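As a plain string of letters, each chain reads:
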Amino acid sequence: MAFAMEDSTKWCLLKQGAEARVYKTEFYKKKTIIKERFTKSYRHPSLDEKLTHRRTNQEVRSMLRCRKAGICTPAVYFVDYTTHCIYMEEIENCVTARDHVNNLLDTPSGESEKSLQILAEKIGFSLAAMHNVDCVHGDLTTSNILIKTGFDNIILIDFGLSFVSQLAEDKGVDLYVLERAFLSTHPNTEQLFKTVLESYRKKANKAEEIIKKLDEIRMRGRKRTMVG
Amino acid sequence: MADVEDLIVQHNMENSPSYSTNLALFTNVTNCNELRQLIVQGKLEAALLNACMVTDPFHVVIAGHKAFQLFQQGKMKTRTLHAEIIFNLSPSTNINESFKKFGILDNTSNVLVVMITQGNAVEKISEVSKLINGKLVSLTALNTISDQEKIKRFTVFQTRNFDVAPYKME
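Here the protein sequences come in this chain order: U and Y.
The numbering used here puts the first residue of the first sequence at 1, with every later residue one more than the last.
The numbering used here puts the first residue of the second sequence at 229, with every later residue one more than the last.
Looking at chain Y on its own, in the form it has when it is part of the complex (with noise of 0.2 angstroms):
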């Protein structure tokens, strides 16, 4: 599983680094129909998010550390952890919405796995890719898969002047 190791991008939590946020790119996904069953159900315990809709890790990241942070406190606003991090990362606060737009539907192709865990994560992930019928690929794929135009719409921003802050992981 040593491809694998090396296709899961790790970023160790701020405040408690115990735990760690773990992303995974998969494309040409097949049964996203099945996985959202799976996740419904409390089967499977990672937050799948539709790639389109990511235009960088570092949102994911944040978002991750937000949604722990109020795990943490018992301040969430969804049911579970992974749920919450598709809500912080939607800039909507109906949380049905903002599954519908991060989340996957039965269509989508493109996902990225998100999974908070404690300690080594790749054997988790390993058991959560073998559910997922698509390709893992590496993380920097991302920027062709993400969807910029649809983002723009969703998040109404008055155009100019954004490349003050480029948000972008090193």
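For reference, chain U alone in the conformation it holds in the complex (with noise of 0.2 angstroms):
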């Protein structure tokens, strides 16, 4: 802990959340984000404990596994388990998907259009690639999304509530809270989401399976009804 106090002068915050904290700082002369996630008071001191522990492992393992799987992620460089701290590689001249497809919807023209449309389709085949390899993101939304100049592919950013699950139930929740974000971050861009769908029915498996259980869950909402 000592050691991180010390940092911490020249760890720059540029994020805090609820369950962590965002740094940019250098690690060995590389430019790092240092992820932390800080201990909570009102949990019991062992139970925080683990839940944290838990949380940071399970980030750092679904990052690898779409890494693996030819899917973009910051690379993890480090992972400290005594301060909860991950270290990985900043991702410089990117702009979130939110910002980019608003400065795109902002100025309406054929070549936006065009560019939005190879935007959807590339988020269609990164979460068909990702879902392949049964893993949820759990919590996507365009602002997790990077776009990098002069990079060809988006980066995924932040698993922190990311698990490993073979259900179409549990990947049709994760298509659908991006579709609730989606609409709601950027109005009347139903036809676009439909983009990112129809590509990601191209190359997932069991794609009709969850798409199907998309649209269940469109009527009953993300939480599954619990009766009988």
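Don't read these hints as lab results, they were simulated from the structure.
Warning: the hint list may mix true and false statements.
Derived EDC-like pairs (lysine to aspartate or glutamate); straight-line CA-CA distance at most 20 angstroms [said to hold, decoys possible]:
hint, chain 1, residue 1, chain 2, residue 2
1, U, Lys-206, U, Asp-106
2, U, Lys-31, Y, Glu-242
3, U, Lys-31, Y, Asp-284
4, Y, Lys-294, U, Glu-26
5, U, Lys-223, U, Asp-170
6, Y, Lys-305, U, Asp-80
Computed from a predicted structure; not experimentally measured.
Could you fit the two chains together into a complex? Lean on the hints.
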């Protein structure tokens, strides 16, 4: 802990969420992002330790799993299990898909229409590849998708809520979460999201089953009704 | 020993700057058999890596960082600090297999010496380098030595898109 304290002086806080703080720093002369899960004093210490540890572990595992499947995620440099810090690659020259889409929507033209279509396809393909290795992201929003200038593929970030599951239900919920996030941050883009789903359907295993589930989930919401 | 000093690359530990990871690359090494014996006997305190299996020094430095941290916490999987470095480099969790792939074998000719030391390491490394029958070269030669095909075979990635994160040390 003492080390982390000492270092904090040159750690520059980028963002703070409910679960973790994200810092920017250098690690062996490389630009690095550090995601630190802090202790929560309202939880019993041993429970807190266990939960934080498991979530850190899960996040790193999912990132590795996706990377192995050829999906772009930041490279993990190092994980400190005592302070629950994940040291990962800083992706430079990038914008979130959220800003990117908004920019394109603000300047309607044939060209921006076309690049939106291409982006939607890429998102669909990446999600299909991710679900094909049974990795469920858990927090898909356009803010968690990065677009790097000069780099073809999209980059997925924030695997904090991700888990491994083979169930069509979980994958369906994943898509549903993205749909809700997508349509609420970018109004009147129903057509665009359809493109995402279409390209997803082309590449995903058991796509029909998952899309069918998605329709079901749309009717009832994310949580399953527990009756009987 | 001025030129030895120039050819050793030293990285201070983040977290505890009084310690450092030191890298030195040797080519045309002929006495690996002997060196292995020395390590097994505990007379040589260094990690000797098969340089063909290393794409970039950054990996090694990080492996050293992790090993050192686990050493401080007493959570190492292997018996010594330097063995832990080799183990950390490997994607496998099998210690013996890791040594075979990433450590040196009797016929290895390119050896990357990694030592974690406190304070100035030049003296210690010079001592070690006297034991090695080979030529100390600049670490930049690693580019030509590392065997990409072999590494790819051992780290099973499904091709595609690995230019996202070029692990290059500046």
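A quick look at each hint next to the structure:
With a C-alpha separation of about 36 angstroms, the suggested pairing of Lys-206(U) with Asp-106(U) is violated against the 20 angstroms cut-off. Restraint check: the Cα-Cα separation between Lys-31(U) and Glu-242(Y) comes to about 13 angstroms, which is no more than 20 angstroms; the hinted pair holds. For a cut-off of 20 angstroms, the pair hint linking Lys-31(U) to Asp-284(Y) stands: about 16 angstroms separates their Cα positions. As the CA atoms of Lys-294(Y) and Glu-26(U) are separated by approximately 16 angstroms, the hinted pair is consistent with the 20 angstroms bound.
Our distance criterion of 20 angstroms between C-alpha atoms is met by Lys-223(U) and Asp-170(U), whose separation comes to about 10 angstroms. Restraint check for Lys-305(Y) and Asp-80(U): the C-alpha separation of about 16 angstroms stays at or below 20 angstroms, so the hint holds.
In summary, the structure is inconsistent with hint 1 from the numbered list given earlier, while agreeing with all the others.
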